[in-house]
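Engineer: Since chain A is already given, all that's left is putting chains B and C on it; use the hints.
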Amino acid sequence: MSIQLQNVSFAYPDGTQAISNVSLEIQDGERLAIIGKNGAGKTTVVKLMNNLYQPLSGTLLVDDIDTKTKTTAQISHLVGYVFQNPDDQIFNKDVISELEYMPKYLKLDAKETKARIDEAVEFTGIKRYLKRNPYDIPYPIRKFVTIASVLVTKPKYLILDEPTAGQDRQGIQTLEHLMDTLQERGIGVITITHDMEFVANNFERVVVMAHANVIADASGREVFARDDIIAEAGIRKPQLGELASALKLKGDLLYLDELVEAIK
Amino acid sequence: MDTLIQHYSDLYNHDQKSGNWFGDFNPLSKLNILLVIGLCGFFIQDWRFSLGVCILEYLFAALNGKFKYFNSIFLRLIFIIGVFIILIRELSYKVENPTIMFNLLGWKWTWEAFYEGLRLGTVILSFSGAIILFYAFTTMRDLMYSLEQKGVSHATSYVMLASFQTIIDLRASVVTIMESQKARGIETQGNPLVRLKAFFPIITPLLLGALSSSEEKFVAMDARAFAVERKHTFLRQLRKVPAYEKLAVVAIDAAFAALVLYKLVRLFVH
Amino acid sequence: MSYISLKNVSYQYPYSKQFALQDINLELKKGKFYGVIGQNGGGKTTLCNTIRGLIPHFYKGELSGEVLIDGTDVRNWNTGELSAKIGYVFQNPFTQISGIKETVFEEIAMGLENLGIEKNKIIESVISVSELLSISDLLEKNPNQLSGGQRQRVAFAAIIAMDAEMLVIDEPTSQLDPQGTEDVFAIIDKLKTSGKTIILVEHKVSLIARYCDQVIVMSDGKIALNGLAKAVLSDPRLEEFGATPPEVVHFGYAMQKAKKPLTEIPITVEEAVSLVEKRGKQS
Numbered sequence: 001m002s003i004q005l006q007n008v009s010f011a012y013p014d015g016t017q018a019i020s021n022v023s024l025e026i027q028d029g030e031r032l033a034i035i036g037k038n039g040a041g042k043t044t045v046v047k048l049m050n051n052l053y054q055p056l057s058g059t060l061l062v063d064d065i066d067t068k069t070k071t072t073a074q075i076s077h078l079v080g081y082v083f084q085n086p087d088d089q090i091f092n093k094d095v096i097s098e099l100e101y102m103p104k105y106l107k108l109d110a111k112e113t114k115a116r117i118d119e120a121v122e123f124t125g126i127k128r129y130l131k132r133n134p135y136d137i138p139y140p141i142r143k144f145v146t147i148a149s150v151l152v153t154k155p156k157y158l159i160l161d162e163p164t165a166g167q168d169r170q171g172i173q174t175l176e177h178l179m180d181t182l183q184e185r186g187i188g189v190i191t192i193t194h195d196m197e198f199v200a201n202n203f204e205r206v207v208v209m210a211h212a213n214v215i216a217d218a219s220g221r222e223v224f225a226r227d228d229i230i231a232e233a234g235i236r237k238p239q240l241g242e243l244a245s246a247l248k249l250k251g252d253l254l255y256l257d258e259l260v261e262a263i264k
Numbered sequence: 001m002d003t004l005i006q007h008y009s010d011l012y013n014h015d016q017k018s019g020n021w022f023g024d025f026n027p028l029s030k031l032n033i034l035l036v037i038g039l040c041g042f043f044i045q046d047w048r049f050s051l052g053v054c055i056l057e058y059l060f061a062a063l064n065g066k067f068k069y070f071n072s073i074f075l076r077l078i079f080i081i082g083v084f085i086i087l088i089r090e091l092s093y094k095v096e097n098p099t100i101m102f103n104l105l106g107w108k109w110t111w112e113a114f115y116e117g118l119r120l121g122t123v124i125l126s127f128s129g130a131i132i133l134f135y136a137f138t139t140m141r142d143l144m145y146s147l148e149q150k151g152v153s154h155a156t157s158y159v160m161l162a163s164f165q166t167i168i169d170l171r172a173s174v175v176t177i178m179e180s181q182k183a184r185g186i187e188t189q190g191n192p193l194v195r196l197k198a199f200f201p202i203i204t205p206l207l208l209g210a211l212s213s214s215e216e217k218f219v220a221m222d223a224r225a226f227a228v229e230r231k232h233t234f235l236r237q238l239r240k241v242p243a244y245e246k247l248a249v250v251a252i253d254a255a256f257a258a259l260v261l262y263k264l265v266r267l268f269v270h
Numbered sequence: 001m002s003y004i005s006l007k008n009v010s011y012q013y014p015y016s017k018q019f020a021l022q023d024i025n026l027e028l029k030k031g032k033f034y035g036v037i038g039q040n041g042g043g044k045t046t047l048c049n050t051i052r053g054l055i056p057h058f059y060k061g062e063l064s065g066e067v068l069i070d071g072t073d074v075r076n077w078n079t080g081e082l083s084a085k086i087g088y089v090f091q092n093p094f095t096q097i098s099g100i101k102e103t104v105f106e107e108i109a110m111g112l113e114n115l116g117i118e119k120n121k122i123i124e125s126v127i128s129v130s131e132l133l134s135i136s137d138l139l140e141k142n143p144n145q146l147s148g149g150q151r152q153r154v155a156f157a158a159i160i161a162m163d164a165e166m167l168v169i170d171e172p173t174s175q176l177d178p179q180g181t182e183d184v185f186a187i188i189d190k191l192k193t194s195g196k197t198i199i200l201v202e203h204k205v206s207l208i209a210r211y212c213d214q215v216i217v218m219s220d221g222k223i224a225l226n227g228l229a230k231a232v233l234s235d236p237r238l239e240e241f242g243a244t245p246p247e248v249v250h251f252g253y254a255m256q257k258a259k260k261p262l263t264e265i266p267i268t269v270e271e272a273v274s275l276v277e278k279r280g281k282q283s
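Protein chains in written order, with our numbering: chain A, 1 to 264; chain B, 1 to 270; chain C, 1 to 283.
Isolated chain A, as found in the complex (with noise of 0.2 Å):
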């Protein structure tokens, strides 16, 4: 099972080209970084993915299933996408009912509604915020008060959108954790970020996008030793992979470990 773009195009209504011919697969269970500059598609793509918007030519398959033959809840419910700005999603008067709202509407029985939200809530990390309004907690616990009632639809496939932004040490490392769980559970992971050391550090498969277009998709390790890739996209290293440039070391260490290693 998997995500397929094949040939996918996309324009806004305004002409500009938001993606151009982009052929991509993503396996569930696999975990994905989408990377590159402001504009450069990268939101356009998860869009296309969640069915939001729908390839103008080309074809999107999600689990085999043509997105245009479906409507965006229908396939919301095989891949979630939680929004960079977590205000948009948010509506309830507490965190509970924010995370029992899609159960109910989908009309699960209580026992299952309970099971799935202990563990989106276990997950998230936000145990001690369930009571509280979802306006009076701080901006990066909302973020995963919206991903927590995502994860509760049980999707195949997780769309985050900057989800390092703002994040404090603890903010990453839940998020890290998070990641880690649903790989477990072959729920695949697509993430766009800035955050270069979040990339290598969590990401096996890194896409990188410029002017519309993939322009590479291959390891963190692979992405990061190519200077040209680097420029186009107008992306950096993350600073390990700087430092190792800069001190002449081979070219795609990344990595603690194998940097001090090589130093003698």
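Treat the hints as calculated values from the structure; they're not laboratory data. Please note that the accuracy of each hint is not assured.
[Unchecked claim] Distance condition first, Cα-Cα at most 35 Å in a straight line; then the derived DSBU-like pairs of lysine-lysine:
#, chain 1, residue 1, chain 2, residue 2
1, A, Lys104, A, Lys93
2, A, Lys250, C, Lys281
3, C, Lys30, C, Lys60
4, B, Lys197, B, Lys17
5, C, Lys196, C, Lys119
6, C, Lys281, A, Lys264
7, A, Lys250, C, Lys257
8, C, Lys257, B, Lys231
9, B, Lys66, B, Lys197
10, B, Lys231, C, Lys119
11, C, Lys85, B, Lys231
[To be verified] Over the 12 Å line for every Cβ pair with chain A, so calculated as not near, a few chain C residues:
#, residue
12, Gln12
13, Asp23
14, Lys32
15, Tyr59
16, Glu66
17, Gly71
18, Leu139
19, Glu247
[Stated by the list, open to error] Taking CB as the label site, the calculated pair distances span:
#, chain 1, residue 1, chain 2, residue 2, range
20, A, Gly15, B, Leu75, 22 to 32 Å
21, B, Lys197, A, Asp227, 45 to 55 Å
22, A, Gln27, C, Gly148, 25 to 35 Å
23, A, Ala231, B, Ile5, 28 to 38 Å
24, A, Gln74, B, Tyr58, 40 to 50 Å
25, B, Ala155, A, His211, 40 to 50 Å
26, A, Gln27, C, Thr263, 46 to 56 Å
27, C, Ala258, A, Leu56, 16 to 26 Å
Since we're looking at a predicted model, the values are computed, not measured. Cβ coordinates follow ideal geometry from the N, Cα and C atoms, glycine included.
Structural biologist: Frame of chain A; chains B and C shown alone:
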């Protein structure tokens, strides 16, 4: 850089020109003239008059290159306000010995109720048309400038204009919020019940968002020296009101005053 | 003399039992660039609000202790004059656009109009600041139709144009990509060189390390660490306070552990390179 400076100092050291004779009127003159025209219908209370005003408004917009803007909003209003009011009137207006238009859906549709709806509908539409024309020919920044030059405080004029802007912003937010609720699985397409169910998840973040951002907005505008008690600079230079414009305003106001007076007198005489 | 001075300052937001700030003592010197890091909810933004004078003028609550801004108690400052003296840029780019101006040019000019700056000076300032932030091509655009990243730059430009003596900047790069973020830091650095006092809240520690003179770590409403960037960012307790050190700091400690110690713990890549090279020459 020097050419940019040249460009902007040319732009801001001369009167702002909109390229249209009515557009160049002072915002307050435009507001005055159009308000008066819009309000006449309320005093005359005749659908033929108000319909006439609506048609003139259409013509005025078309002759001055604002047909598309005017038409797109006005057509919607005709459907929302016009049709709705006539329907409500048909369902609620009762007279003795009514003239039946036709029988439909087990209801007697009467001419009396229809004219009653038409009267109210055209009055409201002619007023709305005047307001739409005002927006078509006036930028908010110029309205703000002219209010301040008349001595309205900076904060007051800002709040007024920002509230209009908030309504426009809300429309943009609705799109984002709708997308984000669809993305988590809330159905927004389909039968009316399904759509109704999606209403709450869309409207709540919208309102809460507007409320919580008003505090931030205050902080942001305070940072832009809104509270400074100094004489402000006005970057845009508005045209000095010419005599014919003043004359037009006075003439229209006088005619309106006469109309109101006439109606009042008749009210007491009867 | 200190430009900003906080003595035993504590603060509670209205209806809150918790202290958002507790017993803060802090001196900020003119012309220095201060970075503020630490856990979320630890008091970073509240500290900004206090230095900017929004506490107690806008946020009521309980403020105790003494806050001096350029020698005058914050309570005695006229709020309008304070806004001309200390600029403030914060995270959310959407609320920082006024919404009432139809071009980016006039949006940036708005603060200057309010300050009563002479028209031709306004025009010069707006153009030079928009060149500084590489947004000259946006000047004729409608600010309400820009992307988040573009709005963040416009909001920043609008404050820089006002030429305040001090700038309080709270996570200005949240919507920006790596290149955009680097650009903003470079601009802040340039402002510092022109004599401005700057206090910046940011999670991106590698950039804090490169540009800031001093770093303040906030945790649970208190100042956990405060000192030269080098000392604070290489402090082994940093993670306890919810802040992540730059990766080269980990590298420095890992080298120690591997019995290949550098003479000191680096906080920037440049520093790490020179320390490693120095070590190579010695051995």
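Engineer: Does each hint hold? Answer for all of them.
Structural biologist: Here is what the structure says about each hint:
Distance restraint check for A:Lys104 and A:Lys93: the Cα-Cα separation of roughly 16 Å lies within the 35 Å cut-off, and the hinted pair is therefore satisfied. Under the criterion of a C-alpha separation no larger than 35 Å, the hint pairing A:Lys250 with C:Lys281 is consistent with the structure, at around 20 Å. Annotation: proposed proximity of C:Lys30 to C:Lys60 holds, straight-line Cα distance about 28 Å (limit 35 Å). In summary, the hint linking B:Lys197 to B:Lys17 is not supported, as the alpha carbons are separated by about 49 Å, beyond the 35 Å threshold.
For the suggested pair C:Lys196 and C:Lys119, the alpha carbons sit about 24 Å apart, so the restraint of at most 35 Å is met. The straight-line distance between the Cα atoms of C:Lys281 and A:Lys264 is roughly 11 Å, inside the 35 Å bound, and the hint therefore holds. For the given pair, A:Lys250 sits about 22 Å from C:Lys257 by alpha-carbon distance, which is consistent with the 35 Å threshold. The suggested pairing of C:Lys257 with B:Lys231 is violated, with an alpha-carbon distance near 64 Å, which exceeds 35 Å.
With a CA separation close to 38 Å, the supplied pair B:Lys66 and B:Lys197 exceeds the 35 Å bound. Pair hint B:Lys231 plus C:Lys119 holds up; C-alpha atoms about 13 Å apart against a cutoff of 35 Å. Simply put, C:Lys85 and B:Lys231 have alpha-carbon atoms about 17 Å apart, close enough for the 35 Å limit, and the pair holds. No beta-carbon of chain A comes within 12 Å of the beta-carbon of C:Gln12; the shortest separation is about 15 Å.
Consistency note on C:Asp23: stated as away from chain A, and its beta-carbon is indeed over 12 Å from all of that chain's, at 22 Å minimum. Once the 12 Å rule is applied to beta carbons, C:Lys32 is consistent with being away from chain A; the minimum gap is 24 Å. With a cut of 12 Å on Cβ distances, C:Tyr59 stays outside the contact zone with chain A, its closest approach being about 15 Å. The non-interface label for C:Glu66 is consistent with chain A: the shortest C-beta to C-beta separation is roughly 28 Å, beyond 12 Å.
In this structure C:Gly71 is separated from chain A by more than 12 Å, as the shortest Cβ-Cβ distance comes to about 34 Å. With a minimum CB-CB distance of about 19 Å to chain A, C:Leu139 clears the 12 Å threshold, and the non-interface call stands. Remark: the non-interface label on C:Glu247 conflicts with the geometry, its nearest Cβ contact in chain A lying 4 Å away (cut-off 12 Å). Take A:Gly15 and B:Leu75: their Cβ atoms lie about 25 Å apart, and the range 22 to 32 Å holds.
Checked against the hint of 45 to 55 Å, the C-beta distance between B:Lys197 and A:Asp227 comes to roughly 52 Å, which is consistent with it. As the Cβ distance of A:Gln27 to C:Gly148 is approximately 32 Å, the hint placing it in 25 to 35 Å holds. Remark: the range hint 28 to 38 Å for A:Ala231 to B:Ile5 is upheld by a beta-carbon distance near 34 Å. Roughly 44 Å separates the CB atoms of A:Gln74 and B:Tyr58, a value that falls within the hinted 40 to 50 Å.
One distance hint, 40 to 50 Å for the beta-carbon pair B:Ala155 and A:His211, holds here, with the actual separation near 45 Å. Restraint check, A:Gln27 to C:Thr263: a C-beta distance of roughly 48 Å satisfies the suggested window 46 to 56 Å. Checking the proposed 16 to 26 Å range against C:Ala258 and A:Leu56 shows it is violated: the Cβ atoms sit about 55 Å from each other.
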